[in-house]
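Participant: Dock the two chains into a complex; use the hints.
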Amino acid sequence: MRILLVEDDPLLGDGVQEGLRDAGWTVDWLADGEAARTALQADATFDALVLDLGLPRLPGLDVLRWLRGAGLALPVLILTARDGIDDRIAGLNAGADDYLVKPFALGELDARLHALLRRANGRAATEMFWRDVAFDAASLTARRNGEVLNLTSMEARLLHLLLSARPRYLSREQIETKLYGWLESGDSNSLDVHLSHLRKKLGAGSIENVRGLGWRLA
Amino acid sequence: MTTPPRSLLWRLAASLAAAILLLWVVMMAGVGYQVRHEIGKALDRQLEWNAKLSLAAFTDDPVALPTVDPHRTAFALYDKQGRLQEASTSPPLPLLDGDRGEFDFNGQRWVIRVATSAHHTMVLGEPIAVRDYTALDTAGDLALPMLAVLALLLPLVLWLVWRGLQPVRDFAEAVAARTPERLEPLTQPAPPELAPLQGTLNRLFDELGAAFARERRFTADAAHELRTPLAAVQIQLEVAERARDPERRDRAMTQALAACGRASRLVGQLLALARLEQHGAAQTLARERIDWPKLCEALFAELDAAGVRLPVLQIHAPSPLLGDHALLTVLLRNLIDNARRYGGDGATVTVRIAAHTLIVEDDGPGIDADAEARLGERFFRPVGQALPGAGLGLSIVARIAALHRAEFRAGNGEAGGFVAQVIFPMPA
Chain A
1 MRILLVEDDP
11 LLGDGVQEGL
21 RDAGWTVDWL
31 ADGEAARTAL
41 QADATFDALV
51 LDLGLPRLPG
61 LDVLRWLRGA
71 GLALPVLILT
81 ARDGIDDRIA
91 GLNAGADDYL
101 VKPFALGELD
111 ARLHALLRRA
121 NGRAATEMFW
131 RDVAFDAASL
141 TARRNGEVLN
151 LTSMEARLLH
161 LLLSARPRYL
171 SREQIETKLY
181 GWLESGDSNS
191 LDVHLSHLRK
201 KLGAGSIENV
211 RGLGWRLA
Chain B
219 MTTPPRSLLW
229 RLAASLAAAI
239 LLLWVVMMAG
249 VGYQVRHEIG
259 KALDRQLEWN
269 AKLSLAAFTD
279 DPVALPTVDP
289 HRTAFALYDK
299 QGRLQEASTS
309 PPLPLLDGDR
319 GEFDFNGQRW
329 VIRVATSAHH
339 TMVLGEPIAV
349 RDYTALDTAG
359 DLALPMLAVL
369 ALLLPLVLWL
379 VWRGLQPVRD
389 FAEAVAARTP
399 ERLEPLTQPA
409 PPELAPLQGT
419 LNRLFDELGA
429 AFARERRFTA
439 DAAHELRTPL
449 AAVQIQLEVA
459 ERARDPERRD
469 RAMTQALAAC
479 GRASRLVGQL
489 LALARLEQHG
499 AAQTLARERI
509 DWPKLCEALF
519 AELDAAGVRL
529 PVLQIHAPSP
539 LLGDHALLTV
549 LLRNLIDNAR
559 RYGGDGATVT
569 VRIAAHTLIV
579 EDDGPGIDAD
589 AEARLGERFF
599 RPVGQALPGA
609 GLGLSIVARI
619 AALHRAEFRA
629 GNGEAGGFVA
639 QVIFPMPA
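Chains A and B supply the protein sequences, listed in that same order.
Residues in the first sequence are numbered consecutively from 1, following this note's numbering.
Residues in the second sequence are numbered consecutively from 219, following this note's numbering.
Simulated from the structure, these hints should not be mistaken for lab results.
Since the structure is predicted, the reported quantities are computational estimates derived from the model, not experimental observations.
For glycine and all other residues, C-beta sits at the position ideal for the given N, C-alpha and C.
Looking from chain A toward chain B, a few residues come up when the C-beta cut is under 7 Å (computed):
| hint | residue |
| --- | --- |
| 1 | ASP9 |
| 2 | ASP14 |
| 3 | GLY19 |
| 4 | ARG82 |
| 5 | PRO103 |
| 6 | LEU106 |
Pulled out of the complex, with its shape left as it was, chain B reads as follows (with noise of 0.2 Å):
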């Protein structure tokens, strides 16, 4: 399990809070050597100043010789011999060839100077560890406020971040105050960060909106649609119920019969329908290889028994086809069904079966051109028809070749009568 992405605020204020930190670090390291580097120059320059200084003061007055604290300062005094005059340690600084240098002594490094004159050398020494108290000591008399600022800093950059993100607190706000029923676009001005998002979203809304006022005219029109047959079931019934003569009272209650048919007919496709949503929508359609002649034998073996009129079978090198065999018999079994529906009591059906093409067609006389139009529409039923039908029929066959990715076109045949056809998809 993954953990969950931590907050815009606390990245943007973290990764920034450590950036300003290494900063710091970086600056004040700069600080301490730049700091060093000046104080060792100023250092430096004062300790060859002091050499010349007190050299020549010596020289002047031989006992004026410089009282040192003998932790920061010391000295050595040799004449032109080389020999000790004088010294502020024992041992004393050494005499050294040039006039500057770093040695050990004593257990520390010192820095050295030497000032020549006529007759006598005087060699004057710091420990460098003086200089680097004094650097540290400045660098962190500068460090205390900067960190301060730095203090002062953290909490504004929070602050800066939090209010940068109000135009996305303010983006979430507008998304969440949509839902089903409500998926207006998002309208309000959004910064160009979020406006791919923003559109992305709009034209999601636009089909989950579209998506959702489609279900909800369907099961409208599935409800309304029940309402038909059940008040022919009433009608009819109440008209068995007073029929005076048998004959009449027969054929009502045949009528009411054929009418409950017709209802639970219609309740079966629209149970139907809602599994194949499903399938969409959970993807669990089964990818079976299809073995079409014995899908072709099982179904019409099933007709034969329910006493239809079986169709020519021509199956011509079927493509190889994954797909739900179930379903495929739905498809199947709902195209002939139409096209004895709409063909007529002589029409001869041929279902054709080749390559990835799947054809239902018959020798009927089609349908007008009215309703070969309306022909996808759910609950749409031609003008005149006597059989029992939902008008979904159609529209099952639609959505299992749209789960298998094929095309599905019904219409008028070029030769007269109604031919459904249904592609699929070339294999990958």
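This is chain A alone, in the form it adopts within the complex (with noise of 0.2 Å):
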């Protein structure tokens, strides 16, 4: 899942960039208002939106109003400095889903946006259910008949997002993208390794390949 965080401080940003990539995000980092809304005008891949509201240019707010005001459902957690109920109000109200309160720790900023995320996508479990394979979103796990699959990192990631986008399929770009965001670009070969991987630990006839449309969980 790929997320976009703007937060225009470098040891924070920094941070929450790492963490949440070991937490199996992709992490996408812009550190002013204005950067961010241009981003979020170009790209529409995101699935959640992790915003500082004391940034320079255009504050969180105002990127929170543009957003809601072009009529984008992205999802949004904000961080913010400010905990007075006021402040929250605020945020809430511009259209924020969620907020956490710096300091915060990694796993419920992680928490967070797993819950942002099921909420957006209509889902209530934490879990996600495809054949005889039940996936936690959170964990990065996977397990068949309540046994755990060995998946690595990115093939657990690459699993999260063919059951999300089930039934639909992904195009190579789409995955690419939700992958690997702008800064790490994985050679295309790469993920068919993974893909190959993914299909062989689940079974064969998992994975569908249709050319022109992409991958999907049959």
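Facilitator: Here it is as structure tokens:
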């Protein structure tokens, strides 16, 4: 799942980016509001926005108002140093779905982002099911009949993408953007490698590939 | 130690009461004098008349001499030749030239009237003291009711003064209702005497309110600004904890340390600002003769020890300046730090001190217009600022400059680069 992080503090932004990547998210990080707006205009493949409020150029709340004004339903989690009730109300009223007050734990940010995405996709359960496979997005673990499937991080994220997109197909470009974001670009061969490994672990016929459309779980 | 001024009520009441008493005394003296004068005139006429009457009576009937109270009246009757015929006293009242007079007789001063007929002269006298008693009696009769009026007047005055001071009490109550949290202006109609005070207070409330709001905002901002580096510390440590490969763990630890550094730097700057505010409030600024070359030398030695590339120093005939050596060192260090930060790696920082102006400039790219406009804001850090900083450096510089009554200007120079100027006041 791909997240846009907008945070102007270099040390915090770096830490959140690293931490969320470790937790299996694809994170793109921008340090000012104006750049965030441009990115959101140009790229519709983000699954969630993590937004600091005290941003240079364009304050976070303005980014949020613009986003909602433009009719984008992207889940938004606000990072704020201000924990006054008025500040929280202002944030939620401007269209935020959730907020975290600094300082916060990485685990909580991760958990809240998962919860946001669940809600955005209309799911209540933490696990996603497909055939006899249960996938827990928070821990990136998959079980088949209660037995843990030994997936690499990349394979787990790939499975997560396919599960979330089901029954739609995902194109190569979509998968690559969601997996790598802007900064890391895996070469296209590596995606094929990951897909073939995942298909092996899930069983033959688990992942369908239609030329021109992409991949999906059968 | 001076005694505290007495209450307005007391002052007004006391001075009014004293004034009324004084007026009463003056008035009573006037009345007494007037009464004495009028009684004197009336008794004079009466005496004259009595003298004539008794002379006429005697002429008609030589036996019909007046019977008199010897303490109040005395008479003596003389014939044409000046021989005493009759007298009520011994020695008798003497024969006088003219028809009136005063003289001492029997140990008292007497008023004398003389009536003369063809054959006799009647001398009739009265002691003056009698008149004084009468006048005093009359005045005393007048004084008592007036004293009673006075006794009523004093509480009345007291009450009127107390009532007259009601607007002052209302005003005091309205002022007392103000707290640092509630400093709304006084709006009730005030009497013209209090209007200037009300205006001044309202202006003061306004300024105080703004200052309090600024302080509150600053405290809130400061707390919030601390949260970001703390969040960075926490997140980086979590990343380090979870990292499996040592390289990433080391990197996260380094970042966490940097965030700690930022937090402590911010705390240090906040403390510095707080101390500066105290300096301002307590006016404890030192006034030492500032030796710029020496100050720069000491500071540069410190910077050199910290591995900082030293600025170019140009000192040309600096004006004598009285100021706080330590604070001015902080000011210069902050400006140099700022120039290094925003000038970029390759930029040369120049410190120029000439006459009463201190300039720190760099030949870097300067800052963009948006950032230039927000330069003085506390906690403001331009976009893309990767070096640790809290955005308080220039606030501190501005505060130190203000404490020295110096003007502080900062912005992009005409020839590019960032220029900070501190213009100290001309020595008086």
